[in-house]
Amino acid sequence: MAFATKMKIKAGGDGHEVLCLVKHPMETGLRKDSKTGELIPAHFIEMMTFQLNGTTVAEAILGQGVSKDPLIGISIKGGKAGDKVTVQWKDNTGETGSAESAIT
Amino acid sequence: MNRRLFISGMALCAGGVGLLKSVVVMAMEWPKALFALDNETAVVKSLFGDAPISESSDIAIKAPLQAENGAVVPIKITTTLADAESISLVVEKNPSPFVTSVNLQPGAGGMYSARIKMGATSKVTAYVKAGGAVHMASQEIKVTVGGCGG
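Same order as they appear, the protein sequences are chains A and B.
Under numbering that gives the first Met the number 0, the residue at position 21 of the first sequence is numbered 20, and the numbers go up by one with no gaps.
Under numbering that gives the first Met the number 0, the residue at position 131 of the second sequence is numbered 130, and the numbers go up by one with no gaps.
Just so you know, these hints were derived from the structure itself, not from any lab.
Hints may contain errors.
Cross-link-like lysine-lysine pairs, in silico, DSBU-like; alpha carbons within 35 Å at most [stated by the list, open to error]: (1) B/LYS141 <-> A/LYS7; (2) A/LYS31 <-> B/LYS92; (3) B/LYS141 <-> A/LYS89.
All chains, please: the whole structure from these sequences, using the hints.
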């Protein structure tokens, strides 16, 4: 099952702000299924890495405390039109996802 | 150099290498033990050791004063501190107070935002490591409906 990953870049501060949205359940492992009463297994994103032109600029550590469909934002200094920003994530079941976008 | 001195020297070296290695691994692997801690004091100790922590007006937390839904509380942390290395977000009253953090490399600005879950009304603290020192700022967020489990 793949999870949609989207990225948005906008000018702000002294550079650009990068926002990443992943459609991911971020299950804590503490919630119970309302019908069966069984615990829903934990399923959440653990790491998210942001790269600018192939160089890592920020590495976020996430956990069960981050909301469903996480929206994570970081900023990069400077950045010019055409610079490539990529985001990659990995969850606790080993699933991964990524998105790529260029500064306009 | 006698044999005993040589061996203890070797052990020290090995210990030093081990320490260095664990820091590198930390940046790559998910810190499970950190999320397992159940109080803020232990989290801070695990993150920063015994480093002194000072309150700073150079860290701004943008968050609602009152959150109607604890399952989604938007938080944005910005800092004007130079050379910020990491930003960590800790919610005192959550079952697992360490919520999220970001390691910043050169090229990254001093900003981190996320939407987090809050179990109850709690103090939310942002810890920023910059230039080898630890700075913090906190804000109380009221939660009407909790968002942890249920």
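Now for the hints, and whether the structure bears them out:
1. B/LYS141 <-> A/LYS7: Roughly 30 Å separates the two Cα atoms, so the pair holds.
2. A/LYS31 <-> B/LYS92: Between A/LYS31 and B/LYS92 the Cα gap is close to 21 Å, so the pair holds against 35 Å.
3. B/LYS141 <-> A/LYS89: 32 Å, holds
Comparing the model with each numbered hint stated earlier shows that all of them hold.
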